[in-house]
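A.B. asks: Take a look at the letters that make up each chain.
2 protein chains.
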Amino acid sequence: METRPLGNKAQLEQPAAPTRCPLTAALNAVGGKWSMVCLYWLNLGPRRFNELQRLMPEISHKVLTETLRNLEQESLITRVDCMAPLPHTQYRVSPHGESVAPLIEAVRQWGHQHLAHGP
Amino acid sequence: METRPLGNKAQLEQPAAPTRCPLTAALNAVGGKWSMVCLYWLNLGPRRFNELQRLMPEISHKVLTETLRNLEQESLITRVDCMAPLPHTQYRVSPHGESVAPLIEAVRQWGHQHLAHGP
DNA sequence: GTTTCAACGCACTTTTCGGTAACCTCAAAC
DNA sequence: GTTTGAGGTTACCGAAAAGTGCGTTGAAAC
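Residue numbers (our numbering), protein chains in the order written: chain A, 200 to 318; chain B, 200 to 318.
Where hints are given, some of them may not hold.
As the list claims (entries may be wrong) - Taking beta-carbon pairs under 10 Å as the criterion, some of the chain B residues facing chain A (in silico):
#1 L226
#2 M235
#3 S274
#4 H311
Hints are computed from structural coordinates only; laboratory data are not their basis. A quick note: this is a predicted structure, and the numbers were derived from the prediction, not measured. Every residue, glycine too, gets a C-beta built ideally from N, C-alpha and C.
Use the sequences and the hints to build the structure in full.
C.D. replies: Written out as structure tokens, the structure reads:
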């Protein structure tokens, strides 16, 4: 967000325009329950749909599909159709998506701190 | 989250137990539309309820109340009842809550990058 | 042909989140 | 007494997010 409250107001009066608040833009791109988790795994290497699902047993395939679509839409991942050895689909982090890695690590580390801090 | 899928499973089988996934714990503490925004302002100095609301005109007082309650519950802020010059309530960041500042800055900077990258 | 795997689509349901509006108590100013 | 400000509480609602379960197509294995 900008340090000027009017920035927020401008954002609200033009809901269809791209947001200019960095915090909000970041939340749109990597917010929600599963986006960062998904990116975390993809940052370790390209994966197939089912591989991702097995890494995150609690996600529904519908939500995984939508999460991947959103990350793709935000240009953070790319979908690759491979033909060899067998035709299959792979998802991998895009160069832009690699920029999220330090952020995810920062969130994880803070999360660790927070858990260690108490309830 | 842990790098072991079983960690995730253990988390789900004990929904009432505190989560042990750092990413999830972080999201619980500072996730949602307003938590980080709220913390951002409080990091600049203690504020009264109405002061916060004026800084964030688009938040409803109901949601502001709940956001403050959650941040308090997570030990990130403290509520102080001041008696002078007039009785009033103040919210301020706790020492633990100060640890979120670098994280908020990281999210903002990434958000800037993301906005600069294109749609 | 049947079964299994991969990668979804889709209709519907449930849960969560954020918002609206009416209301409250207390204190101070007029 | 009335009005205003502070700091909420509560009932209700709609939207958004996440989940459930049935279904599809294509390919490979049996």
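A.B. asks: For each hint, tell me whether it holds in the structure or not.
C.D. replies: Hint by hint, here is what the structure shows:
no. : hint : verdict
1   : L226 : holds, 7 Å
2   : M235 : holds, 6 Å
3   : S274 : holds, 6 Å
4   : H311 : holds, 5 Å
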